[in-house]
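Chain S is already provided as a structure; the job is to place chain X on it using the hints.
Listed here are the chains, written in short residue letters.
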Amino acid sequence: MLLIGGEPTLWAPLLRFNEFCVKEGLESILITNGSSFGNERFWERYRQCPNTKIALSLKASTASQLREVAGVSNFRLIKRGIVRAITEIGAQVSITYNTFYIDNLVDMVQFAVDCGAASVKIDFCSVVFNHDRPDSTYMVPPDKLVKNILRDYPKLESLTNGHIVFEMMLPFCLWPLEFIQELKQKNQLLSVCHLLKRQGIIFDEEGNLIMCNALFDYPIARYREDFDDGQSLLACLNTPKIRKFYDRMGCYPSVKCKDCDWYSECGGGCPLRWSVYKPEELIRPIKKATRRKEVKDYA
Amino acid sequence: MRRTRIENFLRLLNLSDARPEQLPKGLQYVPKCKICH
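The listed protein sequences correspond, in order, to chains S and X.
When the letters of the first sequence are read in order and numbered with the numbering used here, they come out as residues 1 to 299.
When the letters of the second sequence are read in order and numbered with the numbering used here, they come out as residues 1 to 37.
These are computed hints drawn from the structure, not numbers from a lab.
Bear in mind that the values here come from a model prediction, so they are computed numbers and not experimental data.
A couple of the hints might just be wrong.
Unchecked claim - Computed list of lysine-lysine pairs in BS3-like fashion (alpha-carbon distance at most 25 Å, straight line):
hint, chain 1, residue 1, chain 2, residue 2
1, S, K144, S, K155
2, X, K25, S, K23
3, X, K25, S, K186
4, S, K144, S, K184
5, S, K197, X, K25
6, S, K155, X, K25
7, S, K147, S, K184
8, X, K25, S, K278
So here's chain S without its partners, still in its complex pose (with noise of 0.2 Å):
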């Protein structure tokens, strides 16, 4: 189980939580920007009943970004409580890339070394939706993710000893092959989110159904109307109302995916950035002549 926000340590019932998960032999994730660790009284108390794993989500590598970022001023607080989570519970690090960072990812993995954390996770700043409109503001444009990457990429690599992994949010298909190609080689990619595996469900604070995190304003079924225990959950996911849901989502973002031989593994990227970009002026599919090809090129 994952715990994701807004910032779950904010949320009341957590160590609760977290003591029903040990009693019952539940692992939980908890994803945090890791300021309520910098906090004594709740530092003592969380390390009473801590969750499984912590992933951290870093905001900022300086004080007047944070102030930029999340417009608050606590960063002394907030680098406390990183250092601790990742030096006395071991916590993962990971940065979401948006504009914020276009040119200071660097700044901000060093910061992460800094603190102690032996790799880093990148992910790609999504669409978000106000009003039922879609809203890319925060998200960096492709074609300038995928050059700033690449620029970036020797740095975050050497800062971290190699121990930098991304979520592939893009098509594979966005990036130069041979870059795709030394990033798995060197296991530094995660790609297709639960989404699209089908391997996940979500539910918001009330109990509700979400398909994705960011599509908080959006449940498709409700506790206690639609679903109120684990069968009638289950029940509820193969109604032919949800699955039709869930197959839209899992469409090819462009026909040519179907001729992709790395569909399977690159899953088309982010589906709600479609709600932005046409797939049928970004996607090219990769087939094995094309394959060898490039990567004959590279070599």
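Relative to chain S, chain X alone:
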């Protein structure tokens, strides 16, 4: 019949109408041994 909010949302996505026969599998991160690497 009136469309629900999620149905309206799905109409915003510029996806094709073709559905893969098999779900994509994706790539998993395999943790490396800290001593060897």
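Now for the hints, and whether the structure bears them out:
1. Of the pairs offered as hints, the one joining S/K144 and S/K155 holds, with about 18 Å between alpha carbons and a cut-off of 25 Å not exceeded.
2. Of the pairs offered as hints, the one joining X/K25 and S/K23 is violated, with about 33 Å between alpha carbons and a cut-off of 25 Å exceeded.
3. Distance hint between X/K25 and S/K186 is fulfilled; the C-alpha atoms sit about 19 Å from each other, no more than 25 Å.
4. At roughly 22 Å between alpha-carbon atoms, S/K144 and S/K184 fall within 25 Å of each other, so this suggested pair holds.
5. A distance of roughly 6 Å separates the Cα atoms of S/K197 and X/K25; the hinted pair therefore holds under the 25 Å criterion.
6. In summary, the hint linking S/K155 to X/K25 is not supported, as the alpha carbons are separated by about 30 Å, beyond the 25 Å threshold.
7. Between S/K147 and S/K184 the CA atoms are separated by roughly 19 Å; this keeps the pair inside 25 Å, and the hint holds.
8. Annotation: proposed proximity of X/K25 to S/K278 holds, straight-line Cα distance about 24 Å (limit 25 Å).
Violated hints, listed in ascending order, are 2 and 6; each of the other numbered hints is respected by the structure.
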